[in-house]
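Asks: Listed here are the chains, written in short residue letters.
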Amino acid sequence: GQNIDQPTEMTATEGAIVQINCTYQTSGFNGLFWYQQHAGEAPTFLSYNVLDGLEEKGRFSSFLSRSKGYSYLLLKELQMKDSASYLCAVLNYGGSQGNLIFGKGTKLSVKP
Amino acid sequence: DSGVTQTPKHLITATGQRVTLRCSPRSGDLSVYWYQQSLDQGLQFLIQYYNGEERAKGNILERFSAQQFPDLHSELNLSSLELGDSALYFCASSGQNLMNTEAFFGQGTRLTVV
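Chains R and V are the protein sequences, given in the same order.
Letter by letter, the first sequence follows residues 7 to 118 in the working numbering.
Letter by letter, the second sequence follows residues 1304 to 1417 in the working numbering.
In short, the hints are calculated from the structure, not lab data.
Treat the hints with care, as some may be off.
Straight-line distance between alpha carbons at most 30 Å, and here's what the computed DSSO-like set of lysine-lysine pairs gives [stated by the list, open to error]: (1) R/K63 with R/K110; (2) R/K110 with V/K1312; (3) R/K113 with R/K63; (4) R/K113 with V/K1312; (5) R/K117 with R/K87; (6) R/K110 with R/K87; (7) R/K87 with R/K63; (8) R/K74 with R/K110; (9) R/K113 with V/K1360; (10) R/K87 with V/K1312; (11) R/K63 with R/K117; (12) V/K1360 with R/K110; (13) R/K74 with R/K63; (14) R/K74 with V/K1360; (15) R/K82 with R/K63; (16) R/K110 with R/K82; (17) R/K113 with R/K82; (18) V/K1312 with V/K1360.
These figures come from a predicted structure and were not determined experimentally.
All chains, full assembly: derive it from the sequences and hints.
Replies: Structure representation (structure tokens):
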């Protein structure tokens, strides 16, 4: 089966750092995506990891451990506009449930 | 602008009716995905097409069907609509494969069944 878990909600303070975790159990693995989604809007791409390690892109970084089925998204210097849902998605070409499967998302609230 | 176009943006219809949602993928993208997102829920995969052929199927109801046309645009047909079908329906497109690239999402169609 396919299972992707993320915390439902998180709260953090403007200027702080927050880490959003994602664990996955899938029949195959060809990479992991993080997307940001503001309420009622389309998801937008943040990062892609296919090899173990950390990928850094400005204020956002994403980490992957394939052996542990684990990823996290790190957001630094939080801004109010970062309040959104963050979606973890696993790419699995052999998946019977489609190639790109999303977790339920983590709703992040950034407080002043 | 992701380059993926979905129409209409909003749709209000009555129970029992049938609607068609349309998606034009980014230029050159061969894969089209359809997702359903109910209020405060995650993205539920419905179906994927690649170059006109069905590639993968998720938890798509029998009342729903889709197709991808030779010009690569796709349509999602929802019939015998129920109140629970009210949701945001997203279409996403990607290139020949997703390696080193991402799926781009349209702005979605908000369907309200009354």
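Asks: All hints, please: hold or fail.
Replies: Now the hints, each set against the structure:
no. : hint                 : result
1   : R/K63 with R/K110    : holds, 24 Å
2   : R/K110 with V/K1312  : holds, 23 Å
3   : R/K113 with R/K63    : holds, 21 Å
4   : R/K113 with V/K1312  : holds, 24 Å
5   : R/K117 with R/K87    : holds, 10 Å
6   : R/K110 with R/K87    : holds, 21 Å
7   : R/K87 with R/K63     : holds, 17 Å
8   : R/K74 with R/K110    : holds, 20 Å
9   : R/K113 with V/K1360  : holds, 27 Å
10  : R/K87 with V/K1312   : holds, 24 Å
11  : R/K63 with R/K117    : holds, 23 Å
12  : V/K1360 with R/K110  : holds, 19 Å
13  : R/K74 with R/K63     : holds, 23 Å
14  : R/K74 with V/K1360   : holds, 28 Å
15  : R/K82 with R/K63     : holds, 11 Å
16  : R/K110 with R/K82    : holds, 23 Å
17  : R/K113 with R/K82    : holds, 16 Å
18  : V/K1312 with V/K1360 : holds, 24 Å
In this structure, none of the earlier numbered hints is contradicted; all agree with it.
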